[in-house]
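K.L.:
Single-letter residue listing:
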Amino acid sequence: MQNFTKRFNRYKYPYMFIAPALLLLLTFSIIPIIIALVISFTNIDLAGLANYSNIEAVGFDNFMNVFKDPVFLKSLYNTMFYVIIGVPLVVMLAMGAALLLNYGTGWLFKTFRVVYYMPSITNIVAVAVVWGYLYNSHYGLFNHMLSWFGIPAQQWLNDPTLAKLSLILLAVWKSIGLNMIIFLAALQGIPRSYYEAAEIDGASKWKKLIYITVPLLSFATFFVTITTLIGWIQFFEEPLVMTKGGPLNSTMSMALFIYNNGFQLSNFGYAAAGSFVLFFIIIVVTILQFAVKRKDVEY
Amino acid sequence: MAAKRIEKTFMTVLLIAGGLLMMIPFIWMITSSFKPENEFTAVPPTLLPKEFTLKNYVDLFTKLDFIVYLKNTLIIVFWSFIGLFLNALAGYAFAKFEFPGSKKLFYLVLATMMIPGQVTMIPVYLLINAMGLTNTMAGIVLPGLVGAFGIFLFRQFMSTIPTDLMEASRLDGAGELRIFFRLIVPITKPVFAVQGILAFIGAWNSFLWPLIMANDQKLYTLSVGLQLLKGQHGSDFGLQMAGAAFMVVPIIIVFSFFQKHIIEGYTISGMK
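Note that the protein sequences, when read in sequence, are chains Z and V. With full-length UniProt numbering, the residue at position 276 of the first sequence is 276, and numbering never jumps. With full-length UniProt numbering, the residue at position 236 of the second sequence is 236, and numbering never jumps.
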């Protein structure tokens with residue numbers, strides 16, 4: 001016992017310092033994942049919440065049913081649609097913006113860093129309000145701009161396919177900034193001597209870009225791709241605030257499906273099962289990414 | 001040399017054109033927020049208001065409860081700074097102390113970063129409900145108070161502080177908390193700056209969790225209030241634009257002042 005007190009006193013401070021943060025993480029991150037796993041095998045809903053004795057174990061029913069649910073299957077398709085179009089766009093445009101901003105050193109280039117970054121820190125509801133107005137089919141700016149070229153007005157948020165693309169446009173606009181900063185930090189880490197050596201060998205600008213800059217950005221590209229991919233698989237806030245998943249579930253993403261089942265329909269167990277399907281997909285995609293990366297050439 | 005000048009001009013034009021495209025929503029929001037209601041149905045729409053008005057902004061506070069939403073948002077911002085200190089304390093312990101289980105506990109912290117929000121959303125709601133904290137400020141603030149990424153960044157930066165500095169203060173008889181606040185915090189100001197701005201932006205923009213937790217308008221944050229405004233005054237674009245501008249402009253001002261630190265912050269985190 002004395003030994004224990006002695007040990008405790010010795011390590012008292014570090015334990016005291018980590019205790020608040022660790023307790024909060026335990027309560028709101030670690031324990032919830034266990035709860036989620038348990039309830040995904042039950043039929044917990046509002047009745048179950050009111051009285052725990054109403055909760056029944058249902059085995060794998062939730063997982064079976066979720067794959068028979070046409071809304072879920074649609075959300076799976078839509079999420080793939082978002083990821084396949086959105087992620088490459090974000091990575092390319094963020095890298096392009098970083099190269100452009102890294103080109104000059106004047107005040108103009110410094111100022112425009114802020115301009116390109118601004119959408120990333122803008123509140124999603126404010127974004128939805130402003131873009132909703134831009135996309136408005138009667139009074140919106142976008143339809144007005146189309147009319148300059150004689151293109152008829154579009155139903156930006158009401159046409160099933162166009163609505164998905166409209167959300168992608170908004171989300172790409174919002175996610176360029178943060179990723180651009182990561183590329184900028186990486187660009188500034190490339191030693192100037194590499195370019196000088198290439199210049200002595202008479203390499204053109206284009207060749208320097210293709211053979212020095214892009215390969216040396218490979219780690220940043222990997223990082224941006226994987227975080228963007230994980231983020232877009234969880235595509236959520238844009239459809240929530242812009243379209244609520246409509247029209248006819250055509251913008252419903254998996255994450256929004258989970259949210260709707262959990263908080264609109266109070267099917268907590270069913271939603272938890274859906275969230276594990278999403279988690280599983282994220283894990284598989286991440287592992288695949290790392291496997292592909294390993295085959296890459298190291299510089 | 002001529003080729004170089006043409007290239008530079010081309011890049012500058014590209015930079016400005018891209019920037020303007022990124023800015024369209026902001027410009028449109030600001031100018032529209034000063035338009036009177038009848039100008040919103042005008043065809044063709046004009047960029048600048050024909051008749052300048054502040055009515056939309058006044059309405060936010062007189063017709064709507066934006067002052068309450070602002071107060072709640074500032075409370076959340078305040079708590080996010082408390083959370084920042086808890087992150088820093090934990091990061092400090094992981095960086096500068098050796099204690100049984102330190103490695104394992106740190107990996108546990110890192111592991112929480114991989115759990116997607118959608119998985120924890122529902123169980124956290126059930127937990128808060130079981131604690132009887134739904135529809136309270138505590139229920140809104142507690143789940144996001146600390147974060148693994150913040151702890152990680154503090155640990156990374158604090159590992160570079162020489163241990164001798166702390167030993168010297170200990171010999172002088174300073175207590176551990178005193179060492180943290182008087183020695184460690186001043187040395188790590190750059191990380192606090194970055195984390196502070198990020199915490200401010202995150203708290204100011206916090207939307208989903210307050211939306212789930214708050215049933216009562218008295219607890220609404222600015223973004224939840226704006227969402228309500230979007231639903232209730234769907235055709236009053238002037239009011240909507242003013243509400244959006246009221247949310248966005250403070251963030252842009254704060255960011256413009258501190259942007260250098262944020263960009264440095266990503267370099268600190270070793271992102272190369």
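Worth double-checking, as some hints may not be accurate.
As the list claims (entries may be wrong) - Heads up, incomplete: computed chain V residues facing chain Z, CB under 10 Å, no partners named:
#  : residue
1  : M22
2  : P45
3  : L48
4  : I67
5  : V119
6  : A148
7  : L171
8  : A174
9  : E176
10 : L177
11 : K218
12 : L219
13 : K230
14 : F237
15 : A245
16 : K260
Think of the hints as simulated: they come from the structure by calculation, not from any bench. Note that this is a predicted model, so its numbers are computed, not measured. Note that the Cβ used here is the ideal one computed from N, Cα and C, for glycine as well.
K.L.:
Would you mind marking each hint as holding or not holding in the structure?
P.N.:
Right, here's what the structure says about each hint:
no., hint, in the structure
1, M22, "holds, 6 Å"
2, P45, "holds, 6 Å"
3, L48, "violated, 13 Å"
4, I67, "violated, 18 Å"
5, V119, "holds, 4 Å"
6, A148, "holds, 7 Å"
7, L171, "violated, 16 Å"
8, A174, "violated, 12 Å"
9, E176, "holds, 4 Å"
10, L177, "holds, 8 Å"
11, K218, "violated, 19 Å"
12, L219, "violated, 16 Å"
13, K230, "holds, 5 Å"
14, F237, "holds, 5 Å"
15, A245, "holds, 8 Å"
16, K260, "holds, 9 Å"
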